[in-house]
Amino acid sequence: MDNFLEKLFGKEKKSANTAKERLKLVLIHDRTDITPGQLESLKNEIIDVISKYIHIEPNKVKINMTQEGKEHRLIADIPISSTPNRRK
Amino acid sequence: MNAKVVTISSGKGGVGKTTTSANLAVALAQENQKVVCIDGDIGLRNLDVILGLENRIVYDLVDVVEGRCRIRQAMIRDKRLPELFLIPAAQTRDKSAVSPSDMIRLCEELKDEMDWIIIDSPAGIERGFRNALAPADLVLVVTNPEVSSVRDADRIIGLVEAEEKGPAQLILNRVNPALTKRGDMLSTDDVLELLAIKLIGVIPEDESVIVASNRGQPVSFANNSKAGQAFHNTAKRMLGEEVPFMDIEANNGFINKLAKMMKFRGD
Numbered sequence: 018m019d020n021f022l023e024k025l026f027g028k029e030k031k032s033a034n035t036a037k038e039r040l041k042l043v044l045i046h047d048r049t050d051i052t053p054g055q056l057e058s059l060k061n062e063i064i065d066v067i068s069k070y071i072h073i074e075p076n077k078v079k080i081n082m083t084q085e086g087k088e089h090r091l092i093a094d095i096p097i098s099s100t101p102n103r104r105k
Numbered sequence: 002m003n004a005k006v007v008t009i010s011s012g013k014g015g016v017g018k019t020t021t022s023a024n025l026a027v028a029l030a031q032e033n034q035k036v037v038c039i040d041g042d043i044g045l046r047n048l049d050v051i052l053g054l055e056n057r058i059v060y061d062l063v064d065v066v067e068g069r070c071r072i073r074q075a076m077i078r079d080k081r082l083p084e085l086f087l088i089p090a091a092q093t094r095d096k097s098a099v100s101p102s103d104m105i106r107l108c109e110e111l112k113d114e115m116d117w118i119i120i121d122s123p124a125g126i127e128r129g130f131r132n133a134l135a136p137a138d139l140v141l142v143v144t145n146p147e148v149s150s151v152r153d154a155d156r157i158i159g160l161v162e163a164e165e166k167g168p169a170q171l172i173l174n175r176v177n178p179a180l181t182k183r184g185d186m187l188s189t190d191d192v193l194e195l196l197a198i199k200l201i202g203v204i205p206e207d208e209s210v211i212v213a214s215n216r217g218q219p220v221s222f223a224n225n226s227k228a229g230q231a232f233h234n235t236a237k238r239m240l241g242e243e244v245p246f247m248d249i250e251a252n253n254g255f256i257n258k259l260a261k262m263m264k265f266r267g268d
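Residue numbers (the numbering used here), protein chains in the order written: chain A, 18 to 105; chain B, 2 to 268.
Keep in mind the hints are simulated off the structure, nothing from the lab. Mixed in with the good hints, there may be bad ones.
Pairs of lysine-lysine, DSBU-like flavour, derived with a Cα cap of 35 Å [to be verified]:
| hint | chain 1 | residue 1 | chain 2 | residue 2 |
| --- | --- | --- | --- | --- |
| 1 | B | 227 | A | 41 |
| 2 | A | 79 | B | 227 |
| 3 | A | 41 | B | 182 |
| 4 | B | 166 | A | 37 |
Using the sequences and the hints, build the whole thing.
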């Protein structure tokens with residue numbers, strides 16, 4: 018019955034997948050001892066520094082920590098604004 | 002003989018450390034190994050009741066450490082398996098009654114006479130865990146496929162590495178195949194990916210474990226339960242045997258069962 022309803026109302030995410038994704042984040046924060054709050058202020062400072070040199074779009078900046086096996090990585094995705102200057 | 006000291010740990014309570022300790026001890030003893038298990042949970046001992054040896058306690062771990070008896074006197078011989086011994090924890094003291102160096106000394110003394118020393122660590126990451134970790138040659142981390150116990154297991158794995166006692170190996174306990182199949186329980190692969198350590202045992206959730214604890218007769222004594230078989234397989238892997246993992250998460254449909262029966266009989 019549960020399955021039937023799920024199919025009827027679109028796929029609800031399996032709880033095991035939710036658990037896995039939540040755990041991935043929690044473990045990264047536990048291991049690196051960096052809280053989501055600290056990551057947020059790190060992000061803001063990075064935006065400030067980069068903005069001194071390049072026009073970027075602050076609300077599109079993404080900073081994430083990822084894990085592959087035992088390696089952890091800080092990944093920053095910083096889109097540069099398309100400035101009208103460039104086409105001149 | 003030069004016993005290997007194996008510490009069973011988890012961080013979180015209630016994931017099956019004591020059950021695992023008891024069953025691995027029984028399974029190893031059935032493989033003709035001389036095994037002593039030590040209850041590291043001073044103040045909250047339970048390995049004695051799980052093994053059904055609670056009525057035979059005269060001396061305990063703290064009595065040995067404080068010199069009130071010789072180590073031999075505190076070792077309870079299991080009459081069902083003459084090569085299996087238990088050193089119970091003291092019930093009326095606390096973790097501080099024993100130090101990590103006491104544990105190292107105790108294990109050194111036992112090493113010559115035994116093949117395996119199994120230490121049942123208490124929950125937590127404080128003194129009791131430190132005591133259990135100090136003499137370890139190998140740490141087995143027990144976890145359930147569930148968020149809080151996986152998270153705590155990760156902490157333990159980190160602490161074990163920091164103490165240069167790693168790499169720890171994983172026992173995934175209480176796996177419920179129906180829930181896993183439905184996508185409502187983390188799979189073995191999920192947990193391995195998250196924790197990035199070597200797997201040594203997968204134990205299915207099994208009502209026989211409750212019955213066994215009621216009776217004080219660990220499931221590994223008989224070979225008729227899934228959990229018992231899984232513990233025996235784990236013990237064999239500890240002895241260096243290559244044992245394939247039970248396919249407890251596999252599809253249990255009729256066709257699959259039939260296909261499996263034709264491929265290989267039993268686990």
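Going through the hints against the structure:
1. Of the supplied pair hints, the one linking residue 227 (chain B) and residue 41 (chain A) holds, its CA atoms being roughly 30 Å apart against a limit of 35 Å.
2. Among the hinted pairs, residue 79 (chain A) with residue 227 (chain B) is inconsistent with the structure: their alpha-carbon atoms are about 47 Å apart, more than 35 Å.
3. Of the supplied pair hints, the one linking residue 41 (chain A) and residue 182 (chain B) holds, its CA atoms being roughly 21 Å apart against a limit of 35 Å.
4. For the hint pairing residue 166 (chain B) with residue 37 (chain A), the CA-to-CA distance comes to about 27 Å; that is within 35 Å, so the pair holds.
Checked against the numbered hints above, the structure violates only hint 2.
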